[in-house]
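Protein sequence lines, in the order shown, are assigned to chains A and B.
Read in my numbering, the first sequence has 497 at position 54, and its numbers run on one by one without any break.
Read in my numbering, the second sequence has 100 at position 69, and its numbers run on one by one without any break.
Source of the hints: derived by calculation from the structure; they are not laboratory data.
Worth double-checking, as some hints may not be accurate.
Think about it this way: if two alpha-carbon atoms lie no more than 27 angstroms apart in a straight line, the pair counts; the simulated BS3-like pairs of lysine-lysine are [claimed, not checked]:
1) A:513 x B:112
2) A:500 x B:129
3) A:457 x A:514
4) A:526 x B:112
5) A:514 x B:129
The structure displayed is predicted, hence computed values, not measured ones.
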Amino acid sequence: DGGITQSPKYLFRKEGQNVTLSCEQNLNHDAMYWYRQDPGQGLRLIYYSQIVNDFQKGDIAEGYSVSREKKESFPLTVTSAQKNPTAFYLCASIQTGQNTEAFFGQGTRLTVV
Amino acid sequence: GQSLEQPSEVTAVEGAIVQINCTYQTSGFYGLSWYQQHDGGAPTFLSYNGLDGLEETGRFSSFLSRSDSYGYLLLQELQMKDSASYFCAVRNMDSSYKLIFGSGTRLLVRP
């Protein structure tokens, strides 16, 4: 079955450590996204990519980095520069075109202690 | 800048009808989408309005008025399982494919 896989589902890290969240899709979608969600809040855009080897900063990119070396993969690194990294992270993808039906992974809940 | 505003919380009783509004400030977008998210889960797509007017999908309907910068999601015959958060979203009408979401509305359905 086609879909988006995020791993791991839960992640614990010590403060000051970088951590990379995985996002893989086999939907053959061109565009991929990373969002951060805090408790009771909306989805805030971190980074997005519409094509391999190209990506743009979203609204809250500071302290994060991404790469898009393959169409199906869009990993997110939470760096030590991110002041408050504990959150729920969601990866999404859409096929290019006008319809904005995005498909989401199940999310990674990151806790930094 | 771009922003989509939604009420933070709505409460309704089972079997009733509820409307969740979304007002936006953005220039040039393809259409308005709606997503549902249960606690701890991933958002799932509900509907899309590319043109002004009403789109109906079963118990859910969605409306868009570009002239009023306004849209809404209408849920009929509410069920307990409809208790969730609902988000509106738009994608820019440029080459960037930037996709932004509203602040979300938490719907609580009571017996």
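Hints versus structure:
1. Restraint check for residue 513 (chain A) and residue 112 (chain B): the C-alpha separation of about 38 angstroms exceeds 27 angstroms, so the hint is violated.
2. For the suggested pair residue 500 (chain A) and residue 129 (chain B), the alpha carbons sit about 10 angstroms apart, so the restraint of at most 27 angstroms is met.
3. For a cut-off of 27 angstroms, the pair hint linking residue 457 (chain A) to residue 514 (chain A) is broken: about 31 angstroms separates their Cα positions.
4. In summary, the hint linking residue 526 (chain A) to residue 112 (chain B) is not supported, as the alpha carbons are separated by about 36 angstroms, beyond the 27 angstroms threshold.
5. With a C-alpha separation of about 17 angstroms, the suggested pair residue 514 (chain A) and residue 129 (chain B) falls inside the 27 angstroms cut-off, and the hint holds.
Checked against the numbered hints given earlier, this structure breaks hints 1, 3 and 4; the rest are met.
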